[in-house]
Amino acid sequence: MTFSAFSRCLKFSLGALCLASGLSADETTMPVAIHGDMVYTMDGEPISDGLVLVRDGKIVFVGSAKDTFYTADHRVLRAKVVTPGLIDARATVGLSGIFNQDEDQDMLEKSAAMQPELRAIDAYNPRDPLVAYVRSFGITTVNTGHAPGMLISGQTMVAKTHGRTADEDAIKPDAMIAASLGSSGTTSEAGKAPGTRSKAVALLRAELIKAQAYVKKRAAEDESKRPARDLRLETLARALDGSQPLLITAHRQQDILSAIRVAKEFNLLIILDGCSDAPLVLDEIKASGFPVILHPTMARSFGDQENLSMETAAKLKAADIPFALQSGYENYVPKTRIVLFEAAIAAANGLAFDDALACVTIDAAKLLGVADRTGSITVGKDADLALYDGDLFEYTTHCIATLIDGTVYPGEDYE
Amino acid sequence: MRLGEFPRYMLPRLLCGLALIAAVTLHAQETPIAFTGATIIPITGEPIEHGLLLVQDGKITAVGDARTVRLSSDVQIVDVTGKVIMPGVIDSHSHIGGGSGGDSSSPIQPETRVLDSINVRDPRFQKTRSGGITTVNVMPGSGHLISGQTLYLKLREARVIDDMLITMPDGTIAGGLKMANGTNSLSGKNGFPGTRAKSVALVREQFIKAREYKEKLAKAGDDESKRPERNLALEELVEVLDGKRIVQHHTHRHDDIITVLRLAKEFGFKVALHHVSDGWKVAPEIAAAGVPCSVIAIDSPGGKLEARDLNFKTGRVLEEAGVTVGMHTDDGVTDSRFFIRSAALMVRAGMSREGALRALTLANAEILGLADRIGSLEPGKDADFIILSGDPLSVYTHVEQTWVEGRKVFDRANEKDRIYAVGGPGAGHPQSAYLCCFGESFAHHEHQ
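Order-wise, the sequence lines are chains L and P. Quick note: the first sequence, position 413, residue 413 per the numbering used here, numbers continuous. Quick note: the second sequence, position 154, residue 154 per the numbering used here, numbers continuous.
To be clear, the hints were calculated from the coordinates, so they are not data collected in a lab. Computed from a predicted model, the values in this text were never measured in an experiment. Accuracy of the hints is not assured; some may be wrong.
Unchecked claim - Capping the alpha-carbon separation at 27 Å, the derived lysine-lysine pairs in BS3-like fashion look like this:
{"no.": "1", "chain 1": "L", "residue 1": "LYS264", "chain 2": "L", "residue 2": "LYS225"}
{"no.": "2", "chain 1": "P", "residue 1": "LYS216", "chain 2": "P", "residue 2": "LYS270"}
{"no.": "3", "chain 1": "P", "residue 1": "LYS189", "chain 2": "P", "residue 2": "LYS304"}
{"no.": "4", "chain 1": "L", "residue 1": "LYS315", "chain 2": "P", "residue 2": "LYS416"}
{"no.": "5", "chain 1": "L", "residue 1": "LYS315", "chain 2": "L", "residue 2": "LYS381"}
{"no.": "6", "chain 1": "P", "residue 1": "LYS219", "chain 2": "P", "residue 2": "LYS265"}
{"no.": "7", "chain 1": "L", "residue 1": "LYS110", "chain 2": "L", "residue 2": "LYS225"}
{"no.": "8", "chain 1": "P", "residue 1": "LYS416", "chain 2": "L", "residue 2": "LYS317"}
{"no.": "9", "chain 1": "P", "residue 1": "LYS304", "chain 2": "L", "residue 2": "LYS110"}
{"no.": "10", "chain 1": "P", "residue 1": "LYS214", "chain 2": "P", "residue 2": "LYS265"}
{"no.": "11", "chain 1": "P", "residue 1": "LYS209", "chain 2": "P", "residue 2": "LYS270"}
{"no.": "12", "chain 1": "L", "residue 1": "LYS80", "chain 2": "P", "residue 2": "LYS313"}
Next up, chain L with everything else stripped away, as it sits in the complex (with noise of 0.2 Å):
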């Protein structure tokens, strides 16, 4: 027997008893490898018969198995396809819990239309069920937090899905601030605004100035004249500086303009979100420079959605904006969707494969800012990875098993 055949011997049995052994403590810091009979890294070519070592919860190694050794302490899992962690760039999961009752649905406020001090770190849920639900399906990284629904709903925050707690989980608590335009931003209660899209942009331009003038007197020399900590103020601060952009939910075209133009009045960076009617102001977008969350190509095309298209993921990529998918909020059910198949209908609609994979992970690492750690298999990036037994768009694929910072977590359940 020589070195090489003794060595996969061995550590092919150790990982079948892994597997039957279920996870223990030790085993979270075990490190893995990985067969993937496609590896795709999202940082160069796909590797067939590709191999990829985790330990410490890092990526160590990427590569072909051939000729590759390890040593017999690895766990070893085998996939057809292994894909970095997937990474849904707009939900609400954690906050809109699986139930649907009073108690379990923190992603929308209503007592004030803007409220931008309100973060998704003092909301999340890492052991609603569905947070361990949607990573079974291969996501590792969700930017979750205030739904669409009011004005300013608040804050999002990108978070690992281990499920432990909102600030172990976190990698970004303070990721963006969560805006609305068109009839999710607009309130239908007489006397209540803003009740049109004019009013909406009005309150917020205006709350934007007033951020503006904080920050000014803020920055005053005499510290007795500064104004007093506002909390609302201050996060907006960080919508005028950049540090933490504005997320903007804008579906009909007229809402995609204002967005933008807001934004060039306050030199904003922003995100657009949803962006149903994309296709019809697809030079006005590229032309911004703004990057966009693209709705969930399953979205019920109703109301300010009536327009949207399985094809629009297509027609942002052949326009060169960059975009990332997203399951969005459902305030009924599914009460959360799945970004992996969300992806699927693009990959079905015009999108190639590569590029419908990288808005779900390098593309989405990207734009929320997360690249360093996530998103691709590269060596030195977090161990977020997901392993399937077939093209991962296929409706009848599994995913089966996904790993974050090296931990095993199993994939779907049907038992």
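We have chain L; now place chain P onto it with these hints.
Chain P alone, transformed into the frame defined by chain L:
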């Protein structure tokens, strides 16, 4: 076809379009068309490679191997080599057309008809055709114990609701009765129940009344003077007691499912269970009762307490228990354009391919009581079929054409149809009226 034998739905067309329409209609109805070369999935048998599907007069006249059949010269041949043909998909539970049944005034309103409320210009009809669906059970909502009469529609091109109706041999319009239990009707207001036990008591009371009504009718026989006064609600329930109308029953939780079986046994009505989120927990009981299920695939569990344990595996578990498993969209809960995907997700969780495809077609036909005319590709059945670009259970496959009774009602190659399939500006608007009788829509629909 002799004049006078025109199906009822065709009459308005003839009256409207006269010679031109009539000529085309006759053409579509009378010239046999052979679709050759596709893989044919008949549902009632093994898939046929290099298949032949022959249709005439709105019916299937032959299904077989294209290489062993010689076609006469009057047959129009359509080469669909490389494609897949399967029966038109049947959706046993949908809300397209925005139809409604009962209002909020009481929990039991069997006298209301979806028939009286449907908007046939709803763009979702064409979206539904683009999903390969040819027959659909349009239901009133689930907020009542008995919310009204459902309507089985053939998705023929339609100007008015009559164009889509299915007429049963006894001349009645095909449809079921929608019932529901569980939390949706538990408001405690306007006579609506506040508990599950009260829900059942109200329903039993009504069915007992219907039984008595039926007995009075029977006793009176032909003597009109002895007949009880007409009562629309009880008349419908008598149809249910007589087995002429199948109860299409919304139910989620395991105990609510068992409650439906108990009621059906007490009153002897035919019933199909819909949603059945907890069905996998009580599969042997459902199987023993011989009651079919129409299941739904939703991308995540929850959204309501009763659906917390919803799982794609329901199809598999019920199939393994020997239950007849159909499926539905509950459109707009799920989108009709992704209905075939729902079946694929059941296969993802272990249901057989054959079972999942049968769920979309023949099992749903059985649930609606229409299996003698639709649901499989067999000679004598209606020529309702779809042409797919590949394996029905693949995400990369598209429905290319949808045919109802030998007429093409959706064609992905047609830009105007395509927009309903993939979306885009205009997809939210009603389809332009198809008949009457000028211009593009006519040309598009008849000459491709």
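Evaluated hints:
no. : hint                   : result
1   : L/LYS264 with L/LYS225 : violated (30 Å)
2   : P/LYS216 with P/LYS270 : holds (22 Å)
3   : P/LYS189 with P/LYS304 : holds (20 Å)
4   : L/LYS315 with P/LYS416 : holds (19 Å)
5   : L/LYS315 with L/LYS381 : violated (31 Å)
6   : P/LYS219 with P/LYS265 : holds (24 Å)
7   : L/LYS110 with L/LYS225 : violated (34 Å)
8   : P/LYS416 with L/LYS317 : holds (24 Å)
9   : P/LYS304 with L/LYS110 : holds (21 Å)
10  : P/LYS214 with P/LYS265 : holds (18 Å)
11  : P/LYS209 with P/LYS270 : holds (18 Å)
12  : L/LYS80 with P/LYS313  : holds (23 Å)
Hint check: violations occur at hints 1, 5, 7; the rest are consistent with the structure.
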